[in-house]
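Colleague: Keeping their order, the protein sequence lines are chains A and B. If you use our numbering, the first sequence corresponds to residues 1 to 198, in order. If you use our numbering, the second sequence corresponds to residues 1 to 557, in order.
Hints were generated in silico from the structure; no laboratory data involved. Every residue gets a Cβ at the ideal spot worked out from N, C-alpha and C, and that includes glycine. A hint or two may mislead.
Claimed, not checked - Here's a subset of chain B near chain A, in silico, CB distances under 7 Å, partners left out:
id: 1; residue: L122
id: 2; residue: A124
id: 3; residue: I128
id: 4; residue: L194
id: 5; residue: L222
id: 6; residue: P226
id: 7; residue: F259
id: 8; residue: P295
To be verified - Sample of chain A residues facing chain B (criterion: CB under 7 Å; computed from the structure):
id: 9; residue: L17
id: 10; residue: V23
id: 11; residue: L28
id: 12; residue: V30
id: 13; residue: A31
id: 14; residue: I35
id: 15; residue: L47
id: 16; residue: K49
id: 17; residue: L51
id: 18; residue: P54
id: 19; residue: T55
id: 20; residue: S126
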Amino acid sequence: MSATPMTMPEREPTWELPSRGHVAMYALIVAEAAIFIIFVVAYLFYLGKSLTGPTPKDVLEVPIFYTICLLSSSITIHFAVGALRQGSVGSFKAWWFATVALGAAFLYGTGHEWHRLIYQDGLTISTNLFGTTYYSLVGLHGFHVVVGLICLSTVMAFALRGDLGQQHTYRIDVLSLYWHFVDAVWIVVFTVVYIIGR
Amino acid sequence: MSTDSIALPRPREASRPLVDQLHDWVTTVDHKRLGILYILFALFFLVVGGIEATIMRIQLIRPQNDFVSPEVFNRMFTMHGTTMIFFVAMPILFGFANYLVPLMIGARDMAFPRLNAFSFWLSAFGGILLYFSLVGANGLYGAGNAPDVGWFAYAPLTAQTFSRGHSTDFWTLAVLVSGFGSIGTAINILATILCLRCPGMKLGKMPLLAWLNLVMAGLVLLAIGPLTAAQMMLSLDRYLGAHFFDTQAGGSAVIWMHFFWIFGHPEVYVLVIPAFAFVSEIIPVFSRKAMFGYPIMVAATVAIGFLSMAVWAHHMFTVGLSSNANTFFVLSTMAIGVPTGIKIFNWLATMWGGKIHFQTPMLFCIAFLFQFLIAGLTGIMLSAAPFDWQLGNSYFVVAHFHYVIVGGILFALFGAFYYWFPKMSGKMYNETLGKVHFWLFVLGFHLTFDFMHVPGVLGMPRRIYTYEPGRGWDTWNLIVTIGVFFQALGILVFIGNLVWSRVKGNAAGSDPWDAWTLEWTTSSPPPAYNFAIIPTVKSRRPLWDLKHPEDPDWKYE
Chain A
1 MSATPMTMPE REPTWELPSR GHVAMYALIV AEAAIFIIFV VAYLFYLGKS LTGPTPKDVL
61 EVPIFYTICL LSSSITIHFA VGALRQGSVG SFKAWWFATV ALGAAFLYGT GHEWHRLIYQ
121 DGLTISTNLF GTTYYSLVGL HGFHVVVGLI CLSTVMAFAL RGDLGQQHTY RIDVLSLYWH
181 FVDAVWIVVF TVVYIIGR
Chain B
1 MSTDSIALPR PREASRPLVD QLHDWVTTVD HKRLGILYIL FALFFLVVGG IEATIMRIQL
61 IRPQNDFVSP EVFNRMFTMH GTTMIFFVAM PILFGFANYL VPLMIGARDM AFPRLNAFSF
121 WLSAFGGILL YFSLVGANGL YGAGNAPDVG WFAYAPLTAQ TFSRGHSTDF WTLAVLVSGF
181 GSIGTAINIL ATILCLRCPG MKLGKMPLLA WLNLVMAGLV LLAIGPLTAA QMMLSLDRYL
241 GAHFFDTQAG GSAVIWMHFF WIFGHPEVYV LVIPAFAFVS EIIPVFSRKA MFGYPIMVAA
301 TVAIGFLSMA VWAHHMFTVG LSSNANTFFV LSTMAIGVPT GIKIFNWLAT MWGGKIHFQT
361 PMLFCIAFLF QFLIAGLTGI MLSAAPFDWQ LGNSYFVVAH FHYVIVGGIL FALFGAFYYW
421 FPKMSGKMYN ETLGKVHFWL FVLGFHLTFD FMHVPGVLGM PRRIYTYEPG RGWDTWNLIV
481 TIGVFFQALG ILVFIGNLVW SRVKGNAAGS DPWDAWTLEW TTSSPPPAYN FAIIPTVKSR
541 RPLWDLKHPE DPDWKYE
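Here chain B stands alone, though its shape is the one from the complex:
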């Protein structure tokens, strides 16, 4: 580990004028900088979306509260959903993919650096467009500003008749534009992984993170198209008087649901598969064992990818499908539990007998395992059509999918933040603050989302802006809202930790975790060219081979 002499002298950032530094960031095509831009952009919107959620929870803290008006409440849940899915979850996962994939496969950049920058700025401007609606959508008097049709925008709510002004158009265009950005990034990730692997890294030797992002990129290609097409149709309806979703002219409101959820369900896996990827990298390193069942892990991911394309109508049981369709979608949805269960057992088997280090990244991954399991179990409950007829559109559903997205995806993301922060910043984060963040967030998460199941079972529908006292929902809603403040506190500690550690943290060194994948062979943060010499690998854990030449992995793989 002594090629320091090869490293070119890096221009010292601090010594350059701020304008020049900003100019560098805006015009950059470096995958690492774009990755960080993606992540910062998403973190900003995470705070914005979090504030929207907090406003909703304050409104619901007690019956007949009047913190916000019903109109504002509608805008809040629409903006919260749209923001969190399109402008937090997707960009943050793309950011990590951007940063990590080239480093982990031993490449110097993505396959198309300029397309990469273009895709990022498309997503960024999509997010800005969505929030510009607050200023720009007031086209008609009393028409309202921010979109208020719900994040899945069912017809005929979105028709000109019911959605006056331009708020729905801002929503449509923002989602459309960010969709093009997503397709660009997916093409880039796919081409990078297939075409730029370093010598020796056959598909079967790739780190799991690369494999899972490959499947994610494929899903994006298949899933974003239907969304794009549906948004085009909606725009045609609203501006050219087309009749796609216009029931008055024989159009169908239900076909919008189909088109939206053909995108919407694979989207869940677009988000959760990269979360699986983080967990699959972190758990082995902190258990000091190689990943258990690598080929099965890959096969299960590919199986999830295929199955996820055939389950969308389980979002529509309450609409009333034919009994054949119900049966098909119940069975296909339950079938997804099989490969997902395989993954959970693989992670457990990786930890089994390992020497587990309970540092912050690992804590988040362990919480992920528990919470994702519960999210999956309530998912199987809801996949049974008769059960769904009872609890569809209730807070039980809201609790279920927040268990997936917060308890699963966000926890894995926090793990990834702590795990790769030393690589991205060159500094070590503060372990104590990390643990404080973890426990605050675990407490807040469980207060909010465990107890949110209950009012759902008691019949509380989602998206109501208030409720009458005496229905048995009051206490539950109070607890749920209290949990939100613990989560917000956790997020503050998290951001404080990132900022403080970036400025004051100890130098991390190139390999603080004694890990095994290629990103840890280069300096922290890596130079613009990543690797002075393109590495050659012989096994899935190239760095293990180097550290243990007497017992390399490639002898056994």
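Chain A on its own, in the form it takes in the complex:
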């Protein structure tokens, strides 16, 4: 191998590049956002174009409580990462558990709402265009909440086993970016489905 020795500068210059974990997570978020945008566009495009009922006005109720749950989980995960950065694992566990609980509560809310829509109002994905777009958009977001909860619970399990420490702050921080994204998407979905669409 004739690797060419490169000229070494006299003084080691500072050479800092962005962290690959954050760059990759932001890139994933861009790709995911593109998927969500298409579902949001489909929702808006088909608003009011259903040939039969029920319509959003008839059956949708604004899930204020569960929205507050999900959005506040962004705050708790922020504090959790902060606590881990300080090295206080106990406080991290408490905040992290709160995040998981709030996410799970939101998921329960979605399940409850779907149950009511399906069994009381007779709205399924094949009922009309509203059902088609509503279940796919809210369902796609719900799927992301599920994936997020699986990741968060895995971290929780590691933390409870005592395998998590300050040295993992970087990874936990990257993971928290995903969770913030899931919450931010809900703001869009909430606005589109429950405010504009209703």
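Mind docking chain B on chain A? Use the hints.
Modeller: Just chain B, lined up with the frame of chain A:
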């Protein structure tokens, strides 16, 4: 250039059992091996897709031919398009990006080696899934096997009513799975370029190949999402009775077109920007001059990236858009001609006054320049909505986009193959066979695709399985089909050359072209760790600086 002592003894491949060697390849996370796997996988599908094209051309060689049935013809053009875009062009370009980007930016691997392997195997299994439809899609009697809805699968053809059985589902899932693989690779390329550059390599000092692949990866992130979303909707329609594209229930068939082409047009630039990247590396080396107008080249690429997101509906002029939409998409499409033209002039200016070496890689790049220019010109013709109303969906369009994909992208790819083959294999290819391949392929390409414009202008629609005599299309179709055989012969020579040179070729040495970028500083093929010492660079041509310490580039950049 004398750090041979640092190189660790490499295990001799030949001495190990074949099973162990295969196991190494299957479980590898090395960017170079994954790059080669991508390329071999794509070459296999290039042959498969080529055979499908040949079957279509034999069917069309004369009027009222009955070489294949109309049903088989439909499957052939669907599989040909899907294969060539998703399982040839994308993986082959990802393969080169995988192999070259870390070497050219002075890194030891991609940012996420395991994600890299995962993405490759997703793409590979996507391709296998598509072809498994030949065996597995016969779910219903008489429903047919391979997908036959066209590579853009317009609704309502894809609805359960019109596409019985599972062929469309195989298509959807294959494209969906390979899309996830593409997103994984794009994230990886992006993170590698942004986070793993060697000391001194600021963004403005990166080789153009790295810059262009950075833009390509960004486009993949933006473009694959809409395709993924559309495939999800189609699956929901087909399996859960959703109504996204179901006009009976108020859904819209046109919105599928929008979603597909929001992916489909940026996809063209996902494919052509890496081709630009190869040309931008090869032309300077074989003209013995530094790239002309590096910053403008980067700016033009970024501009193409942005513009390409806003032109998709020029695929839909014939559908009938509002006049405002027509005007917008005509203008945005024509606007892309500006940065693309800048690039062509930059390559010409690089060659101007240079000492041009007409070896095989350069020949392919020169042909690329001519052909891509013509492809761009017919593109500007088609971008005018009234012209498109006449010739949309005709063979003129088919000729145009094959000029882009074969005349542009494939020619640049062949150039890249010959240019980097010595690095990847450690052996020199056979120059005579390379030139034979070039001339056969040029001849075949022009016979096929120059003359294909004519039946289009004479009104021959695409995707018809046969035609009546006496419409003035007969001779043209005969010439077009004859060209295909020259191309096939060229491909055979190409593959023969690769195999023969890999086994019997002369050792290439680490820097056979007297080139200037970092991949040529390490041995051929490079060791698993790429660089014993991570290099430090001061200019865009670090190897020039080393070879010419009396006149380094960094004094002028």
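Colleague: Which earlier hints turn out false for this structure, listed by number in ascending order?
Modeller: 1, 2, 3, 8, 15, 18, 19
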